[in-house]
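Undergrad: Same order as they appear, the protein sequences are chains U and D. Here the first sequence is numbered in UniProt numbering, starting from 1 and rising by one per residue. Here the second sequence is numbered in UniProt numbering, starting from 1 and rising by one per residue.
A hint or two may mislead.
Said to hold, decoys possible - Straight-line distance between alpha carbons at most 30 Å, and here's what the computed BS3-like set of lysine-lysine pairs gives: (1) K6(D) x K16(D); (2) K166(D) x K232(D); (3) K145(U) x K16(D); (4) K145(U) x K59(U); (5) K6(D) x K145(U).
To be verified - So the derived label-pair ranges between C-beta atoms look like this: (6) S62(U) x L21(D): 45 to 53 Å; (7) I377(D) x S62(U): 44 to 52 Å; (8) F94(U) x L21(D): 24 to 32 Å; (9) P99(U) x M1(D): 52 to 60 Å; (10) T9(D) x F94(U): 21 to 29 Å; (11) F14(U) x T9(D): 55 to 63 Å; (12) K145(U) x Q271(D): 29 to 37 Å; (13) L370(D) x P142(U): 20 to 28 Å; (14) S62(U) x M1(D): 32 to 40 Å; (15) A74(U) x T9(D): 47 to 55 Å; (16) F277(D) x F94(U): 45 to 53 Å.
Don't read these hints as lab results, they were simulated from the structure. The structure displayed is predicted, hence computed values, not measured ones. Even glycine gets a Cβ: it sits at the ideal position worked out from N, Cα and C.
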Amino acid sequence: MSALLEVRDLVKTFGVGDAATRVLRGLSLTLEAGEMAALLGPSGSGKSTLLTILGTLMKPSSGGYTMLGQDLIAAQDSELTAFRNLHIGFVFQFHNLLPDFTALENVIFPTAVREGRETPSARARGRDLLVRMGLEERINFPSVKLSGGQKQRVAVARALMNGPELVLADEPTGNLDRVSAMQVMDLIAQINREEGTTFLISTHDEKIADLCRRRIVVGDGLVTG
Amino acid sequence: MLYALKIATRYLTASKAQTALLVLGVAVGVFIFIFMSALIGGLAEFILARTVGDLSHITIEAEAVDPAILISPEGHVLAVVEKARVRTASLADAETFVPLIAGVAGVNAVSPQITGAGFMTRGAQVSQVGVTGVEPGLESAILDLDGYMVQGTARLGAGLVVLGQKLADDLALRLGQTVRLQSSGGVASVLTLSGIYATGNGRMDESSVFVSLSTARTLFALPQGVTRIEIKLRDLNAADTTALRIRALTGLDAVPWTDGAAQLMEALDAQAQTGYFLKTFALITIVIGVASALLLSTYRRRPEIGIMRAMGAGRGFVIFVFVTQGALIGLMGGLSGAALGYSALLPFPTRDAFRAGTLPLDITQGSYGLAIALTVIGAIAASILPARAAARVDPVTAIGQ
Ligand SMILES: Nc1ncnc2c1ncn2[C@@H]1O[C@H](COP(=O)(O)OP(=O)(O)OP(=O)(O)O)[C@@H](O)[C@H]1O
Ligand SMILES: [Mg+2]
């Protein structure tokens with residue numbers, strides 16, 4: 001396996017002066033292509049902070065970040081937007097879907113926003129992904145009417161829409177009951193096996209972490225295990 | 001961008017009641033704009049028709065020749081010729097100019113006239129009158145004499161006279177009876193009363209008489225030329241420029257009606273200013289309404305904007321989504337406001353039928369296109385601030401992990 005991404009000596013400080021909080025204190029991490037890793041650590045340890053930095057939604061205070069051979073620290077906002085669109089998928093815990101759009105419209109958003117319109121081929125791929133997530137009955141359902149578990153499966157489908165190398169999931173099952181959580185995790189594991197997509201999943205749930213082949217534990221702003 | 005348009009329309013249709021209210025608000029603003037345009041335009045039209053409608057729009061008058069003065073080489077005035085009691089000045093070659101002036105663009109009618117003063121006597125009654133000699137057929141070219149007739153006809157001819165109701169009463173004169181008219185130059189002729197008018201203008205009904213141009217020639221001993229040329233235009237607002245053109249063409253001193261109407265023009269101008277003021281306020285209201293509604297929507301949709309940004313939507317895309325919403329609201333509000341304004345103005349009389357006591361709303365002066373265009377531009381301008389706020393939304397805090 002080759003390195004998909006590498007972060008070196010990440011420091012992230014929020015606020016200034018006495019109010020400053022050092023969340024990341026020189027964290028280094030390498031993710032190989034095709035990995036499925038759980039991100040563990042106590043609340044407030046900086047898991048979400050790390051995921052948003054890896055997702056190029058936020059820049060670290062200092063440190064290096066390269067993914068697919070590109071220096072993502074030096075990149076401009078517009079370059080990062082395009083990079084995210086093509087190479088990184090997200091699954092968040094809350095506020096995942098656009099409420100005024102159907103399941104399918106949500107799934108194909110990443111392709112439509114790049115191509116400037118919803119193409120038939122994008123629709124076909126979106127439908128395939130939703131079928132794969134077991135949502136063939138809900139393809140044209142308004143997203144607000146979906147259950148929590150269905151919403152997260154739509155979010156996973158959307159994260160995969162542009163065939164990204166990396167999917168970052170921040171407590172994707174945090175809101176779900178055990179059955180729904182396992183359903184979502186099984187789908188993620190299946191995609192990881194079949195497509196080789198790299199997943200980094202933050203969670204507090206040991207059972208979820210057990211489904212991942214690697215465990216990354218953060219504490220005190222560093223990787224501790 | 002088609003996709004941004006789709007998202008913008010979806011946002012607008014997602015909260016139908018809110019969008020409908022917003023569009024209605026914009027439409028009311030547009031309605032006020034159109035109503036004000038029609039009212040100010042109609043009022044100006046009405047006032048002008050009332051005050052200038054019966055006047056000559058451009059007048060060419062024979063220049064009274066200045067009395068000669070004989071001055072010695074030392075500068076003393078040696079002799080002064082008294083100003084003649086009878087005006088002898090005339091536009092001698094008027095005949096050649098009349099067709100030329102009639103050919104000028106915007107000219108509706110050209111009426112060569114001979115005017116002068118005289119006395120009308122019937123039995124012991126004597127009245128001082130102003131005589132206007134008009135070419136038969138052109139009686140109603142300037143003043144709508146036909147429209148004011150109460151008895152007989154306005155049609156002039158040899159030996160005929162048309163005069164006002166008041167004068168007829170003063171002289172106890174009835175249609176078909178004869179009356180003696182003596183000019184200030186002493187020439188007299190006996191004329192038959194063929195028509196009586198009532199304009200409502202006291203002075204005019206009391207002391208103006210109309211005869212044919214040939215009768216006037218005899219009375220004022222003017223075998224050729226005229227003393228005055230009155231010109232009626234299709235658009236009385238074009239008087240200044242048309243007068244200049246006639247001056248250039250003929251070398252005659254063509255005077256537009258506006259020359260003596262500075263106060264009227266000032267009043268109309270002030271009225272138009274008031275109109276602009278109110279219309280500007282209507283537009284400002286629209287802009288503020290649209291801006292605040294969109295700003296609220298931006299705030300409400302922060303998490304979604306964050307999601308879109310995370311999924312690879314650029315700042316430009318987000319700006320486009322919100323500006324498009326503004327443009328759509330402006331367009332819908334503009335169109336419905338214009339339709340509303342037009343249908344509200346339909347029941348009012350047209351500009352030719354304005355009457356005192358009713359609002360002179362001119363449906364043709366609603367500036368519908370301008371209202372719609374300004375509203376769309378205003379709504380787009382109003383959406384820029386919310387759109388920029390939306391584009392600045394930080395995905396991390398908006399998604400609220
Ligand atoms: N924008 C911010 N400004 C200031 N402090 C912040 C900000 N974002 C995060 N923090 C702080 O950084 C620390 C790490 O937060 P983070 O959300 O990364 O933790 P986490 O490991 O994801 O926790 P949890 O398991 O509860 O989700 C916390 O102490 C938090 O208060
Ligand atoms: Mg977190």
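Undergrad: Compare the structure with each hint and give your call.
TA: Now the hints, each set against the structure:
Between K6(D) and K16(D), the direct Cα distance comes to roughly 15 Å. Compliance with the 30 Å bound is thereby established for this hinted pair. Proximity of K166(D) to K232(D) is assessed by CA-CA distance (about 27 Å); at most 30 Å being required, the pair is judged to hold. Annotation: proposed proximity of K145(U) to K16(D) holds, straight-line Cα distance about 18 Å (limit 30 Å). A hinted pair counts as satisfied when its Cα atoms are at most 30 Å apart, and K145(U) with K59(U) does not qualify at roughly 35 Å.
Distance restraint check for K6(D) and K145(U): the Cα-Cα separation of roughly 21 Å lies within the 30 Å cut-off, and the hinted pair is therefore satisfied. Checking the proposed 45 to 53 Å range against S62(U) and L21(D) shows it holds: the Cβ atoms sit about 50 Å from each other. Look at I377(D) against S62(U): about 47 Å separates their beta carbons, and that is inside 44 to 52 Å. Here the CB-CB span from F94(U) to L21(D) is close to 30 Å, well matched to the stated 24 to 32 Å.
The beta-carbon spacing between P99(U) and M1(D), approximately 22 Å, falls outside the hinted interval of 52 to 60 Å. Between T9(D) and F94(U) the C-beta distance comes to about 26 Å, which sits within the given range of 21 to 29 Å. For the pair F14(U) and T9(D), the beta carbons lie near 39 Å from each other, so the given range of 55 to 63 Å is not met. For the pair K145(U) and Q271(D), the supplied restraint of 29 to 37 Å is violated, since their beta-carbon distance comes to about 58 Å.
The hint said 20 to 28 Å for the Cβ distance between L370(D) and P142(U), and at roughly 41 Å that hint is violated. For S62(U) and M1(D), the Cβ-Cβ distance of about 37 Å falls inside the hinted range of 32 to 40 Å, so the restraint holds. For A74(U) and T9(D), the Cβ-Cβ distance of about 38 Å falls outside the hinted range of 47 to 55 Å, so the restraint is violated. Between F277(D) and F94(U) the beta carbon distance is about 50 Å. The supplied range of 45 to 53 Å therefore holds.
Hints 4, 9, 11, 12, 13, 15 from the list above are not met by this structure, while the remaining hints are.
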